[in-house]
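Given the coordinates of chain G, work out where chain V should sit on it, guided by the hints.
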Amino acid sequence: MAKIAIIDDDPDILDASSLVLTSKGYEVVTATNPDDGYKIVKENSPDLIILDVMMNEPDDGFFLAQKFRKEKISSPIIMYTSVSKSLGMDFGVNELVPVDEFVEKPISPEQLIEKVEKLLHAKGGV
Amino acid sequence: MENSHCPKILIVDDEKGLRIGTKRLLEGEGYFVETAENGYDGIKLGTTTEFDLAIIDLKMPDIDGIQVMKEILKVYPDSVCLIATGYASYETAIEAIKFGAFSYIPKPFTPEELFQKLSQGYSRRELILEKKKWKQEREERLLEVAFEKSRLNTIINSITDGLLVVNKNGEAVLFNPSALKYLSFDQIKIEENIMDKLHPQIADLINKFLSSQKCEQKSFSSEVELKPNREFYVEATSSPVANPDGTLAGVVVVMKDITELKKIEFLKSQFVSMVSHELKAPIAAVYGYLKLFSDISIHLSEEQKLNYLNRSQIRLDGLLKMVNDLLDISRMELRTVNKEIKEIDLYVIIKSIIELFQIEIKKKNISVNVNSSEVLPCLLADQDEISRLCTNLISNSIKYNRQDGSIDIILSSSGNYIILEVKDTGIGLKPAEKAKLFQEFFRAKNEKTKDISGTGLGLSIVKRIVDSYSGKMEVESEFNIGTSFKIFLPLRNGIKNKKQNAGN
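Which chain is which? The protein sequence lines are G and V, in order.
Numbered according to the numbering used here, the first sequence spans residues 1 to 126.
Numbered according to the numbering used here, the second sequence spans residues 1001 to 1504.
Among the hints, erroneous ones may be present.
Derived, one-sided and incomplete: chain G residues facing chain V with beta-carbon distance under 8 Å [as the list claims (entries may be wrong)]: (1) Asp10; (2) Asp12; (3) Ser18; (4) Val20; (5) Ser23; (6) Met54; (7) Val103; (8) Lys105; (9) Pro106; (10) Ser108.
Distance condition first, Cα-Cα at most 30 Å in a straight line; then the derived DSSO-like pairs of lysine-lysine [to be verified]: (11) Lys24/G x Lys1291/V; (12) Lys1364/V x Lys1436/V; (13) Lys1436/V x Lys67/G; (14) Lys1070/V x Lys1135/V; (15) Lys1436/V x Lys1268/V; (16) Lys67/G x Lys1135/V; (17) Lys1305/V x Lys115/G; (18) Lys1280/V x Lys24/G; (19) Lys1016/V x Lys3/G; (20) Lys1364/V x Lys115/G; (21) Lys1291/V x Lys118/G; (22) Lys1305/V x Lys3/G.
What follows is a list of derived Cβ distance ranges for each label pair [claimed, not checked]: (23) Leu1309/V x Asp59/G: 29 to 35 Å; (24) Asn56/G x Glu1333/V: 25 to 31 Å; (25) Asn56/G x Arg1151/V: 57 to 63 Å.
Hint data in this document are derived by calculation from the structure and do not stem from the laboratory.
Ideal placement from N, C-alpha and C gives every residue a C-beta, glycine not left out.
The shape of chain G in the complex, shown without the other chains (with noise of 0.2 Å):
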């Protein structure tokens, strides 16, 4: 089954969100920080990143995910935001923003299941 790697600060929103994606099946790691967040990736390969945009600053999910492209790490992203109206920055999917789906707080399992099921997909299918 695929390994799903989550970073975001909220501890409750990484337990919520790791107990529907274990409910699912999938294996899940999980970090609280960018740093640490980088480090599970590196550690685990994952086949799927979930990351919070707004962690210590207000944008260094956003960093976090340019710093794994450049690193040719290819996973699909799927980017947890709660901001991203109020602060005027209308993310869309595209080369600028590497990430490939967002994902708006609150999150509903259905929906987070469909967009990881979707990307992993998409992805080849695992």
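Chain V only, in chain G's frame:
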């Protein structure tokens, strides 16, 4: 005489009878008359006071009449002089007139002859005065116009708003130094077409009038970012300038520096998005847990259920605290908080706060020591605000303390200040965290703080309260060792927002 002011006449004649007779005659007609019995006195009188008319005898023993007239005219060139002569001849008349006499009167003269000559002379005098007045007025007006023009220029050049006027062909006709500065131009030549050099948005504002060549009385405004990254913003407003016949003469553009406003606006929207984010985080967490409960495909153990309910409760408590803190901050910002200034005892306040936190203190087995110098002056302040300040500091020193740690609270005074120090043996701050300590919503995020809940507003509220009393605060902190906050509150002076019922 019909004139409102009575004409002043000087009679210079050595013949006493003529002097007295003429004076009486003229005074009877409403003239004001002075007389001189010789040329010397005549010059003296006629050069100290300006007379409307002077009747001067040509032949006098000391100085002759023409000389007297010349001297008078040197000082008062507008006095009208008549030469009286018993040797009337064509030559003397010509000579007198050559030297400035208005006319001459042959002696002896009848009263009618005299009145006629005087009346002519007075008309002349009035004409002269009128002309002089007009000339003076015209000069004054010219001076005024010149002054007004330079004054307007000075005003236009000194206003901080940028002002640019173009004619209907888009050529610059007037601008001030602020406009050059705002538009980053070294110089503009008068009558230079500047439309292509202008920021497109400003050119658009001008073109709104130029393209139609209509002179409608309305203005267009837009906010223009003249330097990127919010470095320089102006609000530009264009209005038409009309010819006297109502056709379009040109367009005036006024540029107002709104950089500061834009900065504040940006900070505000940043703050709003921070608030939304912070409010949304606990909602998202609770929502996530609730979804777990309602998802039938997910099986939760009793222990998990209890844990998630507990976590949800904590997040909701945090949310509630945050909303309350935000309301407090907004009240402070709006200054709707009326300080109820009275004498308060800091020691008593701190003791009662510690009492409120007994459960938390016991849970962590923290020892709390309160030390107060023996003679501590009373603080004049609002009890609620100072309690709030102390509560936030003490609650932090408990929350971020280690198990079996200690808290030292020291009260002292120095000079004009009362000093409150709260020292803990907690997790401390990294230098980078210390710098952000008073930012709204800043919370040190590391492995040690992840299980501590907080709104990130407590210290920002402390700072606002301290600032409102013109106090100051110092923070010393070492990561893993502890943190110490020192609050300096002025004893008497500098209390802002002092309410009228102070001292109640």
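Right, here's what the structure says about each hint:
{"no.": "1", "hint": "Asp10", "in the structure": "holds, 6 Å"}
{"no.": "2", "hint": "Asp12", "in the structure": "holds, 4 Å"}
{"no.": "3", "hint": "Ser18", "in the structure": "violated, 10 Å"}
{"no.": "4", "hint": "Val20", "in the structure": "holds, 7 Å"}
{"no.": "5", "hint": "Ser23", "in the structure": "holds, 5 Å"}
{"no.": "6", "hint": "Met54", "in the structure": "holds, 6 Å"}
{"no.": "7", "hint": "Val103", "in the structure": "violated, 11 Å"}
{"no.": "8", "hint": "Lys105", "in the structure": "holds, 4 Å"}
{"no.": "9", "hint": "Pro106", "in the structure": "holds, 4 Å"}
{"no.": "10", "hint": "Ser108", "in the structure": "holds, 6 Å"}
{"no.": "11", "hint": "Lys24/G x Lys1291/V", "in the structure": "holds, 15 Å"}
{"no.": "12", "hint": "Lys1364/V x Lys1436/V", "in the structure": "holds, 27 Å"}
{"no.": "13", "hint": "Lys1436/V x Lys67/G", "in the structure": "holds, 26 Å"}
{"no.": "14", "hint": "Lys1070/V x Lys1135/V", "in the structure": "holds, 24 Å"}
{"no.": "15", "hint": "Lys1436/V x Lys1268/V", "in the structure": "holds, 18 Å"}
{"no.": "16", "hint": "Lys67/G x Lys1135/V", "in the structure": "violated, 86 Å"}
{"no.": "17", "hint": "Lys1305/V x Lys115/G", "in the structure": "holds, 26 Å"}
{"no.": "18", "hint": "Lys1280/V x Lys24/G", "in the structure": "holds, 26 Å"}
{"no.": "19", "hint": "Lys1016/V x Lys3/G", "in the structure": "violated, 138 Å"}
{"no.": "20", "hint": "Lys1364/V x Lys115/G", "in the structure": "violated, 44 Å"}
{"no.": "21", "hint": "Lys1291/V x Lys118/G", "in the structure": "holds, 21 Å"}
{"no.": "22", "hint": "Lys1305/V x Lys3/G", "in the structure": "holds, 25 Å"}
{"no.": "23", "hint": "Leu1309/V x Asp59/G: 29 to 35 Å", "in the structure": "holds, 33 Å"}
{"no.": "24", "hint": "Asn56/G x Glu1333/V: 25 to 31 Å", "in the structure": "holds, 27 Å"}
{"no.": "25", "hint": "Asn56/G x Arg1151/V: 57 to 63 Å", "in the structure": "holds, 59 Å"}
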